[in-house]
Structure formats: structure tokens, C-alpha cells
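2 protein chains.
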Amino acid sequence: MDTRKIPQEAIIRLGYYLRALNYLFRADKKVVSSRSIAAFLKTNPHQLRKDLSYFGQFGKKGVGYDVEQLIGSIRDILGINKTWYACIVGFGNLAKALSFYQGFNQQGIVIRVGFDVSAKKINKRFGPVQVYPLNKMKAVIKREGIKIGIITVPEEAAQDVADRLVASGIKAILNFAPFKLNLPHQVIVKDVELAGQLFYLTYNLKLLET
Amino acid sequence: MDTRKIPQEAIIRLGYYLRALNYLFRADKKVVSSRSIAAFLKTNPHQLRKDLSYFGQFGKKGVGYDVEQLIGSIRDILGINKTWYACIVGFGNLAKALSFYQGFNQQGIVIRVGFDVSAKKINKRFGPVQVYPLNKMKAVIKREGIKIGIITVPEEAAQDVADRLVASGIKAILNFAPFKLNLPHQVIVKDVELAGQLFYLTYNLKLLET
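Sequence lines, in order, name chains H and A. Under my numbering, think of the first position of the first sequence as 1, with each following residue one higher. Under my numbering, think of the first position of the second sequence as 1001, with each following residue one higher.
The following block holds chain H by itself, in its conformation from the complex:
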């Protein structure tokens, strides 16, 4: 497969399909059609078939997809058939929320340590996460086998923290700070736009009112 041609959005949508499939699996469905997965997600089956087609041939025409098998295939594609360790930098409310967030652990992503500058947080444990000072970052990341950095610091600290993560060997960053990071192009960065999610609501509310 030529991975250059796969749109980012298709990867994100695979995650949605996985969630739907996990739900259908728990509801004891063995075989499902693209239409029933799409109906569950209120999306269209054509998009789903196209997204899957980037990665190979799944399911049988006229029969559908084996739920358990497709879950396995998507987990393979997304690289979550193994456990990934992550760290969080900036241990405020959002970091605490993410540390306890079941949705990550269920998908093989474990937040293992945190980093902060505050003496109130350093060397404390919040649920499963031990918090260290920033100057221990490189050593801790190496020792704990951490591959993913999650940034939850304020906007003005985000670039410095991202530089430190990269200097510590991190190649993938999830950025919650509303700031466009400037990093070497080989570093994989995903910005989480929480406000953007709300715009979908305001846009449609406005249409309702007019």
C-alpha cells in the first residue's frame, strides 16, 4: 500500500469504526454490514468501504464483515495491537482527567508518567501516574520506554516543552495547547482542537435559528 495516499481523516475514521465494532461486539453481533456500522455512526457506508479499501480487502460481498476479525485488522492497522506508553507534560486538571480516562487504556495507550514544574505536583502520584520534574524528562522517558508525549501546558510554555520532548527522543506528540508547534518535520504532531468540536454545534444551532 502507498501510505502517502491515505488521508489523515481516514485514520481518524478507522478509530470511529473500531469504536462502533467494539460496541457491536459487546452486543453479541458476529457479522455486520458496512451499512449497519455506518448507521451506528450516522455516517455513510460508501465512505467506510473506501476508508477500509486503503488497507486491503475486508469482509465478503453480500455477507458483511466478521466483527471480531475486523476489530483485529483495524487494531493492526492503527498499531494498537501492542501497548504504547505515553507521558503528560503539565499536570493540571486536563492531565488528571486524561490519566484516569478509560478510553485510552482500553485501546492500548497507557499514560505512565507526568512532568511538571510545580513543587506541589512533583514526586506525587495521581492515580496511575507518577509526576517528575522537567529536568528528569530525558532519563525517565528512556527508562520507562515512553514513545508518546501529551502536552497540556499553557500556550506560552508549549513550544519549550515540545522541544524538550523531542530532545528526549519523543517522535509523536498529542498537543492540547492552542499553539502551532514548530518542530522537525519527522516528528508526528496531532493538535487537539477542543473548541473546533463546539463549532460544529454552534454552526448547526445557528442554522436551526435562522
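Don't take each hint at face value.
Claimed, not checked - When the alpha-carbon atoms are kept at most 20 Å apart in a straight line, the in silico PhoX-like pairs for lysine-lysine are as follows:
#, chain 1, residue 1, chain 2, residue 2
1, A, Lys1136, A, Lys1121
2, A, Lys1136, A, Lys1124
3, H, Lys5, A, Lys1124
4, A, Lys1171, H, Lys206
5, H, Lys206, A, Lys1082
6, H, Lys147, H, Lys171
I should point out that these hints are in silico values taken from the structure, not numbers from a laboratory.
On the provided structure of chain H, position chain A as indicated by the hints.
Same frame as chain H, now just chain A:
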């Protein structure tokens, strides 16, 4: 314009363009090309032009976009040229993080009240947000002019809470619970998939390693 033909993703992307434009505006840029906005976001200018074309004619060929004017137009389109009031149900760490999140207020979305079942939280104030018991929902939502409900309760409570929001007159819901809500089709629901954001990283990390 025929709003039925506008893809959801285009609305979400308008939010990204707005963020880029706000940043360029603060950096004192007056006029920008689609290429420079796209470069800022590491996306492609063709997509940007196509997304904007759903909503009208912006910018001048060979000249570019007036930054301030385009910010105004996108805010109009997204319906955020006015203030929207929101409530949060389930006042844990995530709710606290969102209550203090600058990114919402800056975009005209104000979280005004919270609801919870815990006596430790009810009738307390967290930053700008006053927390009420669930049975006050309908009265408080009406009194405060709240139009958006944000759900941050655990999975098993999400449907009940969503039903209560709808019964209280809420027509737009941002859902952080990893659960597919079953609601009347006229209710606008946006699910926030935090784990899905991480899949983009694990997918690309896997490609790096192979």
C-alpha cells in the same frame, strides 16, 4: 447555499482556518494567500479553497484574503459572532479543565453552570462555574439561557444525562463519554473521540518502526 451538501469535516476545518488566521492576525499579517494559511496548518490550499467555496466568494484572485475580513466571515459562518452559553454535566477533572479552558471563551462559548450528583460538588463554585444538582437542570438551563450541553459523565450515565438535557430543551450536545447516544434526530450531537486522536500517532509510529 444548500447546507445539505456541506460535509461535517468542512465545518471542523473552518475552525482550524480560523485558528491559523487569528495567529496570523496577531503576527500583524494583513493579507494572506490560501497557500500560506495551508502551510501554517500543514494542509493543502486546494482543500481550503474548496471548503471556503461552500459558503461564498472570499478573497481576491492573485491577491489573497484580507485576514481580518476572513476572520469575521468565518465567525459569521460558524455562528460564533455571538456568545453561546453551555452547561457541563458530570463535574470531574475534565469538566474542571474545560471550565478554565481559554480556547472556549475566546471563541464566544461560555460554560456557565455545571450539574452533578455529588454533594461534594453541588452548590459549589469552580472558577467561573456554579454547580447545581441534576433536579434543577430544567429551571437553571432556562433561566441562564443555556443552549449547549457538554457531557463528561462516565459511560453508563451518559444516556440518562443526555435524555435529561433534551427534556430541558437542549438541542446541541458535545459528548465526551465513550458511548453512542440515542437521541431524537433533530438533536445535534458531536462525539469527542480523545482516543481517536492518539490513533493518528500510533499509526504513524508503527510506520516509522517498520
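(message) Are any of the numbered hints broken by this structure? If so, which, sorted upward?
(response) 3
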